[in-house]
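Colleague: Listed below are the residues making up each chain.
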Amino acid sequence: MSLPPSIILEGAILGLDYGLLAVGLVLIYRTSRVVNFAQGQLGVVAAVFLVKLFYDFGFNYWVALVISVALAAAVGALSELVLRRLFNRPRVMVMVATIGLSQVLFLFTVFPFIRPKKLFQAFPVPIDWTFHVGTFLFSPGDVLTLMVAPVVVLALAAFIRFSSWGLAMRAMAENAESARLSGIWVRRTSTVAWTLAGALSAVTAVLASPSQTSALTEVLSPDLLLLALLAALIGGMVSLPVAFLAGIGVGVVLDVLQWNITNPSSGPATVELILFVLLQGALLVRAASLQKGARVGERSSWAMGTAAFRRTTKALRKTVGSTGVGASLLLVALLPFFVGVGHSFLMSQICIYGVIALSLTVLTGWSGQVSLGQFGFVAVGGDIASHIGSGLPLIVLLPVAGLATAVVSVLVGLTALRIRGLYLAVSTLGFALFMQTSVLATPCFSVPLLHKQICSGLPNPQSTLLSRPSLFGLSLNSEPAFAWFSLGVLVVSVVMVRIWRDRGIARRLIAVRDNEIAAGSAGIPVVRTKLLAFALSGFMAGYAGVCLAFATERISTNTFDPTFSILVVSMVVIGGLDSIPGALLGALYLEGLPAIFGSTPTVEFLTSGVGLLAFILYLPGGLAQLLHSFGDLVSDGVAQLQTRRPDALDGRPGAHGVPLDKVFP
Amino acid sequence: MSAVFPESGAAVAVPAAVTTEKGGPARLDIEGLVVAFGGLQAVAGVSLAVEAGAIVGLIGANGSGKTTLLDAVSGLVSPAAGKVLFDHEDLADYIPEERARLGLVRSFQDCRLYPELSVEDTLLLCEDARHRVDVLSTTLQLPWARRAERDKRKAVDRVIGSFGLERFRYHSTAHLSTGTRRVVDLASIVLAEPRLLLLDEPTAGIAQREAEAFIPLLRRLHEVTDSTILIVEHDVPLVFELCSTVVVMQTGEVVAAGSPDEVRGDPGALAAYLGASDEAINVSGPAPASGASPAPSPSPEASPAPSQSTPPSAPGG
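Read top to bottom, the protein sequences are chains B and W. Using this note's numbering, you'd call the opening residue of the first sequence number 1 and step up by one each time. Using this note's numbering, you'd call the opening residue of the second sequence number 1 and step up by one each time.
A few of these clues could be false.
[Claimed, not checked] What follows is a set of in silico ranges between Cβ atoms, one per label pair, in the way DEER data are often shown:
(1) R153/W / L641/B: 50 to 60 angstroms
(2) R209/W / S629/B: 35 to 45 angstroms
(3) S629/B / R147/W: 29 to 39 angstroms
(4) H387/B / V135/W: 20 to 30 angstroms
(5) L641/B / R150/W: 31 to 41 angstroms
(6) H88/W / H387/B: 52 to 62 angstroms
(7) S322/B / D90/W: 48 to 58 angstroms
(8) T552/B / V135/W: 54 to 64 angstroms
Treat the hints as calculated values from the structure; they're not laboratory data. Heads up, the beta-carbon is just placed ideally off N, CA and C, and yes, glycines get one too.
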C-alpha cells in the first residue's frame, strides 16, 4: 500500500501548529533564556475568549479575533513584567515560574467573563472553503491553517530581520550582558518579545482549535508543547526558520508513523516511543551547540542564594527544633485516632508525596539536576508493585522496587552527563510521558527479533486492582493502619536523607553541582557522583511508587500522570529547594490544604500557580525559610524568658538571617 | 610568620592519620606538549622538567599558554601531541580525578570553590576524595563509616584551627572575601597532601600588600606539604623571590628557563613578558639583584605584619 498524499498534507497541517508554537518558544528563549512552559496557555486564554465573544456576545469574527489576539499580546507583556523580577535568578527557577504562570493562565479560562457558556461547541472559522486530496476532505479549519500560518511566520521573520527591535533581540540572544552594556534596552526588548509570543500563541490556538475534539481549554496540551519543544530543540533553540520547518517535519513524521502502524492497540504507544527517541536524539545531538559559547546562564550552577545548610551550634535552638519535630510527629501519629477514614487516606497520600518530594530534593535541590519527570520513576515503582506486589513480603518489595527504579533512574541520568538545566528538564518530562503513554499503557509487546512477549506494562492500563499486603503479619487493609505505615516510611526516609545530608553524600553532590571542574580536580569522581544522585533519588521514588500503588489500591495510567511531576516540583520549590523540612511542608501545603479546607476558591488560588509564583518571587527560601525564622523566634523568646541576653555573635551569620555586616562590623 | 600559619614550627601539623600513604614530592616531565584549540596552538611543543621538591615559576604575558599548560597537566584539556609524565608515569589515560588521587593537586585562578558549601564542608570534601566510603555503609551508618567521618572531621578541625578559619566554619564560600577564599583553598591543598602542586595565580584578586605576605606563606606550604610546586603567577617579583627555577613562556613556547638570576639577566626573556620595564619587575618584594641589598632579605614594608596583611579578612565589607 503506498502512502496517500493526503496523509502527508494532514501531517503538515498539524505540523504547522507545532511549528508556530516552536517559533514562540524560540522567540522567548532567545531573549529570556527560558523554556516557556506557558507558551501554549497564553494563546488558549485568547481562543477561549474568542469563542465567548463570538457566540455569547455575537461579535463579528474578525473583531473578536483582533480583540482576543490583542488580549493574548497584553497577557504576554504582563507575564514578562512579572517574570522580569527574576532577571538575575537561575534560569531553572524562571522555568518553574512559567509553569506557575501557565497554571495562573488556566485559572483565567475559568473566570466567567472569559469562559463561554458552552465549552463543547464548534470553534468558529471565518471561511467555508474545503478541498479534497484523494478521498480525504480537508476542512475549512485546515485551509485556514495552510493560509495563515506561513504568512504569520514570514511576517515575524521579516520583523526580526529588518526592525531595530529584531536586531536588539538577536543581540540579546548572543550575549544579554554585552547587549545591555552597549545600550540596548534589554528589558523593553524582552517585553516586546513576550508580546509577540503572546500574539503568536493566540494565532496558534485559534488555528489549532477547529480540528480539536477535546474541550476548548485543553487545546494546547503538555504533549503538544513537548512536540513543539522537540521542533525548537532541532532548531537549537535559536533558529526560527529551522524550528518552524522542524515543526512541520515532526507533524508529517508522526502522521505517517501513525498511518503505518497496522495494530491499532499498540499504535499510540509506538508513536510515543519514537517520539521519545527523537526527543532524546535531538537533545543529545544538539547538546554541544546548545551549551557552548557565551551562554553561561544554562551552564551555571543552581546557586539558589539561600544558605547552604542551616546549621546551628546553639544548644537552645537545637532543643527548640527537636521539640518541634517531636511534637509534630506525635501529633501526626495520633491523628488516625481522631479523623475519619477519608482523612487517614489523605494522611497516607501526604506522607507518600513527602517521600517523592524528598527524592526531588536530593536530585534537584542538591545535585542541581532538574527533573520534571519524577513521576516517571514513581510509575516504575508502581508498575513493579502491580507485577510482583503479591509475591514478595512488603519489607522486601520496597527495597527491591527501589533498587530496580534506581537502575532505570541511572539510565535516564546518562543523558544528564551530556545535557543539563533546562534541557534535562525537557528530557525527563519526555521520559515521564513515555512511561505513562507507552510503557504502562502497553500490557505486553513482542520483541521483533527474539519472538518473545514481554509484559512490562500495567496488566490492565485502565484499572489494575491491587490488594494491600500485610507487614509482619499486621494487616494494612484499614486506612489508619496504612496511614501509620506511610508515616513510618516517611520517617525512615527522612532519617535516611538526613544521614545523606550530614554524613558526606550531600556535600559531594553540591560540590559537583557548584563547580564540576574543581570537584574533579580535587579527586571527586564527577560522573559517578552525578549518577549517584539519580540512583538515590530513583531509589526513593521507586519505593514511594509501591506505597502509592498500594494506597490507591486501584491504579491506572492516570495514577502516574506526568502533570503530577510538575506538582512535585512545585512542592519542592514552595517548600525550599534544598531543605528536608521544606519538602515535607511543600507536600503538606499542596496536598493537604485543598483536602483539609475543601476546594474553596481561596485555597485553590493559594495552592495553584499563584502560590507558586508568589513563593518564587517573594520567598526564595520557601516555607522552610519561614519555619526556620519561626524556630529562631521561639528560641529567642525562650532565651529571654531565661533572662539570658541573646548573644548576637553566637548566631551563625547567614544561617538565620543575621546579616553578615552586623556580625562583623 | 604570618597569622595564617600562626606559630612557626609545628603549628600546621599535618594530621598523622592521613600522612601514611603519601609519598614524597613527585617530579614532573613535560615532553613536546601541544594543545590546540581549533587552528590555534595555545601550547606549541613545550618540554619542561620539574625536579622533585623544586618550586618552579611559570611567567609570561596574557595568552602565552600558561594556564592551558596547567590544564593539560591536570587533565582538563587533552593534548594534541606530547606527554605528561608524573614520576615517570605517563598520565595520558588518567582523568582529572584519577590524577588528583595520585597526588597531583591544582588550585584555580578564579578560586571559586563551591559557592554553596560551607568552609567546613569544602574542607571535608578534600578528605572525601581520598577516603572513600561507599553509600550503603554511610546510609546504614556502619561502624567504619562512622569512624571514617569522625577521622575526617578531626583532620579538618586541625586545619581549620591552624589556618584561623574557625569563625568562618559555617559560612558558605560564596559569602567570603576573595582573600579568605584563597586561604580556604590553601587549607584544602594542605588536606589534599599533594605530591605535585599546580598553583594558578594564587595572588590574583589580592591586594599588593597581601600578595607580599604570600611569599613566606607559599614557602611554608611547600615545606608542610613536602611537595613539588609549579606556580603560574603574574607577580614577577614574587616568582623571582620564591622559585628556584623560572620558566618564561611566549605564544605557547618556552623562551627562557633557568635560575631567577639567569632569567633576569636575559633581555629576550624580559621582553617576552614585561616589555623589559624595571618598574614592573619591582612591583613587590625586594629590589633586583643588581641593587645594594642582597635579594632574599625583605625590606621592612615587604615583611608581612601578622594581623593586618593576612588574607582572612571580614567578608561583606
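Colleague: Each hint: holds or not?
Modeller: Comparing the hints with the structure gives:
1. At roughly 34 angstroms, the beta carbons of R153/W and L641/B sit outside the given window of 50 to 60 angstroms.
2. Separated by about 41 angstroms at the C-beta atoms, R209/W and S629/B satisfy the suggested range of 35 to 45 angstroms.
3. A hinted range of 29 to 39 angstroms for the beta carbons of S629/B and R147/W is consistent with their spacing of about 37 angstroms.
4. A beta carbon spacing of about 27 angstroms between H387/B and V135/W agrees with the range 20 to 30 angstroms that was offered as a hint.
5. For L641/B and R150/W, the Cβ-Cβ distance of about 36 angstroms falls inside the hinted range of 31 to 41 angstroms, so the restraint holds.
6. Distance hint check: the CB atoms of H88/W and H387/B are about 56 angstroms apart, consistent with the given range 52 to 62 angstroms.
7. Between S322/B and D90/W the C-beta distance comes to about 55 angstroms, which sits within the given range of 48 to 58 angstroms.
8. The hinted window of 54 to 64 angstroms between T552/B and V135/W is violated, with their beta carbons roughly 31 angstroms apart.
The structure is inconsistent with the numbered hints 1 and 8, although it conforms to all the rest.
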